[in-house]
Structure formats: C-alpha cells, structure tokens
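Q: Sequence:
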Amino acid sequence: MPATQSLVTIKGRKDGLVLVMNEACAYRDLLIELKEKLAASTNLDQNGPVISVKIEVGNRYISTDQRDQLKQIIHSYDHLKVEAIHSNVLTYAELDQIKEQEKIVTMVRIVRSGQVLSVQGNLLLIGDVNPGGVVSASGNIYVLGSLRGVASAGQGEDGNNAVIVASIMAPTQLKIGETISRNERNTAEVLTERHRFECAYLDDHIGKIVIDHIQATIKKGNLPFTFNKM
1084 MPATQSLVTI
1094 KGRKDGLVLV
1104 MNEACAYRDL
1114 LIELKEKLAA
1124 STNLDQNGPV
1134 ISVKIEVGNR
1144 YISTDQRDQL
1154 KQIIHSYDHL
1164 KVEAIHSNVL
1174 TYAELDQIKE
1184 QEKIVTMVRI
1194 VRSGQVLSVQ
1204 GNLLLIGDVN
1214 PGGVVSASGN
1224 IYVLGSLRGV
1234 ASAGQGEDGN
1244 NAVIVASIMA
1254 PTQLKIGETI
1264 SRNERNTAEV
1274 LTERHRFECA
1284 YLDDHIGKIV
1294 IDHIQATIKK
1304 GNLPFTFNKM
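For the sequence shown, the working numbering gives the first residue as 1084, with consecutive numbering after it.
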C-alpha cells in the first residue's frame, strides 16, 4: 500500500524555514497537517533567535483571509516569523498593481528646498534634489544628478527591496521601506567620487541602509531588475 502523500513539507535553509504546501488538496487539510507538523517539530519550542519562514503554495490561489490564517498558525510559535507567502497565481488586481509598481516615471527638473516630488512606480529624475527638497516613490529612485535632500523609496508593498541610486549621493535623509538613515558621511569625500554612481539599499543582515558604488551593488545582486530595463 503506497504511503500517504505529505501535504506540508518543512525544509530547513541557512536563512530559515521553507514550508512547501501541496497545491491540489483541500485547503482545510493543509491547515490540519500544518498544525500537526509544527506541533511534532521538537525544536520549535526551544528558546532561540527568530526563525524566518517562507511559504510556497505553488499553483494555488491564496486569499487575504487564508494568508492571515497561515500567519496566525505559524506566529503561535513566538520565534517563528512569516517573511513571505509565494503563489504562482495572481488576480487581475494584483497584476495591475505589479504593472504600476514596475512603471518608470521620468522627470526632468530640479527639486528645490520645500518642494516634494512623489510618484507611483519607479522615479527616474534627470536633475538635482537640493537640500530641503524631497523625492518619494512607491518603487525605486534613480537620480541622474546630485541627491542632497530627502529620498524615500519603497513606499509600496515589499518596500524593503527598493533602492536609491544617485550620481552624487549626499542626502540629508534616506528612507527605504520603514527604515530611515541620516547622512553621516563626509561631504568632501562624496564630491571626490562624483563620477561614480552610488546605490543605497537595505541590508537585511544588519537591518540598516547601506551605500555602495553601483558596480559593487550589481555584483552583489542588490540592484533590482527594473534598472536593467532603463
């Protein structure tokens, strides 16, 4: 007699756990087995650091309520945190949202003190952001000029993956997702490197915004695919 097929597979990775869900069974059966698998895992009740959990549901549509149910079950273990729930199935509304986020809005202007430039999607600014000026985007920000004011990227969902790129990176403040960083760099040093584009991104390992030369950022794989389309 063949063994019963597992509906939930728990895989350990260096960066946490991956839960692979069967995409063909009834959803309620998934929840039952998920609870059983977590309860049977002897190492989940031990004290320790927070463990990142990613959930893969394959070709199954997961509604908002169902996502909340999965999170509630997993978060009943204090040191488990759901980082992402991945599904291959999207609604038309979600597709429209993705298209909006990937859109590149090109502006040619100078953002002066007291002015705010805010866009949905990715911002490509050909010009400068002066001290006191603010640029904001739901996606990434690319400044072909000097950034000396405030830049806020990733104000949409999954904002922590956004980047801020500038010809001259000398901001008074950077914000990526919900993480804020103020400029503590030497301005003279920045001006010396003015011909080398720099990129600011959120380093998940240290939980801080890091500024690096764009060539190094590309090699590390921290620059999003959107930049390659420009």
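Derived from the structure by calculation, the hints contain no laboratory data. Among the hints, erroneous ones may be present.
List time: in silico DMTMM-like cross-link candidates among lysine to aspartate or glutamate, alpha-carbon distance up to 20 Å [what the hints assert, rightly or not]:
#1 Lys1164 - Glu1139
#2 Lys1164 - Asp1098
#3 Lys1118 - Asp1151
#4 Lys1164 - Glu1183
Keep in mind the model is a prediction, meaning the values are calculated, not measured.
Q: Now tell me if each hint is right for this structure.
A: Tested hints:
Taking the CA atoms of Lys1164 and Glu1139, the gap is about 15 Å. The hint holds against a cut of 20 Å. A threshold of 20 Å between alpha carbons decides the hint, and for Lys1164 with Asp1098 the separation of about 12 Å falls inside it, so the pair holds. Distance check on the hinted pair: Lys1118 and Asp1151 sit about 15 Å apart at the alpha-carbon level, within 20 Å; holds. Taken as a hint, the Lys1164 and Glu1183 pair is broken in the structure, with Cα atoms around 28 Å apart against an allowance of 20 Å.
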